[in-house]
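Chemist: Listed below, chain by chain, are the residues.
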Amino acid sequence: MEIPYEVSARPDTGLYNAKIGIWLFLASEVMLFGGLFSAYVFLRVGALPGYWPHGFLNVPVGFVNTLVLIGSSVTVVLAWASLKMRRFAQYKIWMGITILCGIFFLTVKLTYEWPAKFHHFGAYIKPEAMAKYEPYLGNNYLAAKKLPPRVEITGDVDEVALADPNSKAYVFKALDEVNADPTNPASDRPTFWQRPVVEKELVVDKADVQYASMFYPRHSAFFSAYFLITGLHGLHVLGGIIVFTYFWLPVGANLYKRNPEHLANRIEVVGLFWHFVDLVWIFVFPLFYLL
Amino acid sequence: MEQTPEHSHSHSHAPDHDVAHHVDSHVKGYLLVGGLLMFFTVVTVWLSFVNFGSQQANIWVAMALATFKAGCVAAIFMHLKSEKWTIYRFLLITVVFAFGMFFLTALAFNDPIRLN
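In order, the protein sequence lines correspond to chains A and B. Here the first sequence is numbered in this note's numbering, starting from 1 and rising by one per residue. Here the second sequence is numbered in this note's numbering, starting from 1001 and rising by one per residue.
Just chain B, with the same shape it has in the complex (with noise of 0.2 Å):
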């Protein structure tokens, strides 16, 4: 395969306007994001100590959060909201294999075969 040349501005050490001025329109919004986790980290703290009535139903609740927690810092903090495609797929992949491996625990509890 032939190699492309590095683009000119990659050794500058002046910054490619378009890219610094799209950099800069974004940090406001890693900041916002930063305060959002911290906030919903407090959420998830005091929705902890309130009684749903049950632990399983407290559980489910924190891991709600804790997962709409980590799709934004996978999302923004990690760029997974504009990635390029040979990313999606490594992870969709990985995700199934995830899932699998959950589901192979959950056959554990379904297990026909007992010793009494």
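One chain only, chain A, in its complex shape (with noise of 0.2 Å):
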């Protein structure tokens, strides 16, 4: 059956159905985003001094990806330009590299990014005992330089102990920079290069502790921000990786047969919402990793 106005445009809005469809979707993802974007503005902008973790992304690691990204949404409207030309093999190479491209973004984000997160600890510590700690958060220091508190203790943390209830302690085997040497002017603003961690042992008092975690979505408003963002935003990625290599494979090359037209537009519709995906991370990268 013959779906009109599937490859020509309508009359009465200029438009094939396809893209006034896909541009419907995109604008419900805008109002989707945009709440998730309001909610961290509301979280970010609320948060106590000190309470909104600064510097623990990996900023190279997330500039390569948006890197990778944004090659990504050339690469794609280099793929619609090809149909267009009817340059059937070009297009297929394009393609190609944007679904590489996409897998590539995302085993980075699941394979390296997540999980060195869920390995990483952090224990907020009470103010009544930020005296007891002040050689590893630095406050006195902070203060005179009018620079925010530091509240909490970071690092690598004894896993077994963690998991033992009867342990009365945190025990790090390693801790951030930041609390190895927190009177050190060049911790004072996060860097472009993640400073390794500093073998430093410290027991901190499960008493002296308002909240520890991994840095798991619940460890602050922050990380449940970052995982629910770029989880979301990973998901588009999956989803548009999974459609591309559907238009890549022989459906592609029967449907280019048959009309190349219908591919074109089907290759375009997707490209706008993997351009919309990119636009997010546009975005994403400055919020989450530089600021």
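No lab work stands behind these hints, which were simulated from the structure alone. Think of the CB as a built atom: it goes at the ideal place given N, C-alpha and C, for glycine as much as any other residue. Treat the hints with care, as some may be off.
Claimed, not checked - Going by beta-carbon spacing under 7 Å, a handful of chain A positions derived as facing chain B:
(1) Leu15
(2) Ala18
(3) Gly21
(4) Leu32
(5) Val64
(6) Thr66
(7) Leu67
(8) Val74
(9) Val77
(10) Lys84
(11) Met85
(12) Ala89
(13) His275
(14) Pro286
(15) Phe288
(16) Leu290
What the hints assert, rightly or not - Here are a few chain A residues that face chain B, going by a calculated C-beta distance under 10 Å:
(17) Trp23
(18) Val45
(19) Gly46
(20) Gly50
(21) Gly71
(22) Trp274
(23) Phe276
To be verified - Between beta-carbon pairs, the in silico distance windows are:
(24) Arg44/A <-> Phe1097/B: 18 to 24 Å
(25) Trp1060/B <-> Leu147/A: 17 to 23 Å
(26) Ala1108/B <-> Lys206/A: 33 to 39 Å
Reassemble the complex: the two chains are provided individually, in unrelated frames, and hints are given to aid placement.
Modeler: Below is the structure:
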């Protein structure tokens, strides 16, 4: 059955049906991500000084992933252009590169970035115990420089001791540099290259801690927003990869043989979705990784 | 509504020369915009480590750059630069509602009812 205006433009709107459909869908996506970014702003502005984690994400990795995603936006528009010029072999190459870029992006996120967070630990110190841990927090130094206070000790924790319900302390095997050397001016602001943890043991009494967790979503409003937004964004990337792969396989070739303009339109529609995914990441990267 | 027949070239495997030429003339532009977006990503990272006096100032600078980059993606890659009015109408309504949603968040910070 032929669906009217599947390929050609409707006379009243000047657009083919699928294009109207994808733009309506993208409008709903703007509201979805807009709501999440709005929640992010609400949580961030409302956070008490020192309680919005900063500098825990790997900037070089996020930077490379951003370049890869931008690159994939270029290759997908080139794939569409190849179809409009009826160069199917060229389309296959550009689309193949787009799929590889998407897979690279997701692989980095799921096998490197997220797992690294799941093995990093943070303990928020109670206000009354801050003085006891001053050598690891450096708040007098920060106050003198009019910088926000440091309220958390972070690093690699002894996970065996952590699993013991009778343990009365958190045993850090290594500390992040901001806690190992808190009065070092180099730690005043996050840096591009993530600094390695420093082999320095510290035992923090559980009685002195108001809250402690691995860097899971429950760790803080920051990580909750980070995992939710990057997770939802990752699902969009996965959706894009699946549809691109579908049209890269023989399904695409068969459709091209039947009606090349039909395939070009399908790629334009999925491409619009992919560009939107790129557009969302353009805001995610600075908000979470840099600021 | 009467249906119009598809254009004869849509089923053709030979490119419509006007369309092909039009698309081909845009390819360089796509590559240029891609390069520009990558360049501004480098600038965004660099500026985030420059101290503008306050964290808030850094956020405004980064968001201005991100908005410019997003505008490039929307205008060039998503062809919004020369799209039909139907799409612009959809997006206009979306922008109004999106700003409304952010405005509601802003209202929460000026809530006169306080617990203490």
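Chemist: Each hint needs a verdict: does it hold in this structure or not?
Modeler: We went through each hint and held it up to the structure:
This hint holds: Leu15/A has a C-beta 5 Å from the nearest C-beta of chain B, less than the 7 Å allowed. At its closest, the beta carbon of Ala18/A sits 13 Å from a beta carbon of chain B; the interface hint therefore is violated under the 7 Å criterion. Among the interface hints, the one on Gly21/A is violated; its C-beta lies about 11 Å from the nearest C-beta in chain B, farther than the 7 Å criterion. Taking 7 Å as the C-beta contact cut-off toward chain B, the hint placing Leu32/A at the interface is violated, the least distance being around 10 Å.
Interface restraint check for Val64/A: the shortest CB-CB distance to chain B comes to about 10 Å, outside 7 Å, so the restraint is violated. Contact between Thr66/A and chain B, as hinted, is supported at the beta carbon level, the nearest pair being about 5 Å apart and thus within 7 Å. The restraint placing Leu67/A at the interface with chain B holds, with a minimum CB-CB distance near 6 Å, inside the 7 Å limit. Interface restraint check for Val74/A: the shortest CB-CB distance to chain B comes to about 4 Å, inside 7 Å, so the restraint holds.
Evaluation of the Val77/A hint against chain B yields a held restraint, the C-beta minimum of about 5 Å falling below 7 Å. Below 7 Å, beta-carbon pairs count as interface contacts, and Lys84/A has one with chain B at about 4 Å; its hint therefore holds. A cut of 7 Å between beta carbons decides the hint on Met85/A: the least distance to chain B is about 5 Å, and the hint holds. Contact between Ala89/A and chain B, as hinted, is not supported at the beta carbon level, the nearest pair being about 13 Å apart and thus beyond 7 Å.
With a least beta-carbon distance of about 5 Å to chain B, the hint placing His275/A at the interface is held under the 7 Å criterion. For Pro286/A, the interface hint holds, the least distance from its beta-carbon to any beta-carbon of chain B being 4 Å, beneath 7 Å. Among the interface hints, the one on Phe288/A is violated; its C-beta lies about 11 Å from the nearest C-beta in chain B, farther than the 7 Å criterion. The interface hint given for Leu290/A holds, since its Cβ lies 4 Å from the closest Cβ of chain B, which is under the 7 Å cut-off.
Checking Trp23/A against chain B by beta carbon gives a least distance of about 5 Å; that is within 10 Å, so the hint holds. Evaluation of the Val45/A hint against chain B yields a held restraint, the C-beta minimum of about 7 Å falling below 10 Å. Taken as an interface hint, Gly46/A checks out: its beta carbon lies about 8 Å from the nearest beta carbon of chain B, inside 10 Å. Residue-level restraint check for Gly50/A is violated (minimum Cβ-Cβ distance to chain B is 12 Å; threshold 10 Å).
This hint holds: Gly71/A has a C-beta 7 Å from the nearest C-beta of chain B, less than the 10 Å allowed. At its closest, the beta carbon of Trp274/A sits 9 Å from a beta carbon of chain B; the interface hint therefore holds under the 10 Å criterion. Annotation: interface hint on Phe276/A holds; nearest CB of chain B at approximately 8 Å, less than 10 Å. Our hint of 18 to 24 Å for Arg44/A and Phe1097/B holds, since their Cβ atoms are close to 22 Å apart.
A hinted range of 17 to 23 Å for the beta carbons of Trp1060/B and Leu147/A is consistent with their spacing of about 20 Å. The hint said 33 to 39 Å for the Cβ distance between Ala1108/B and Lys206/A, and at roughly 35 Å that hint holds.
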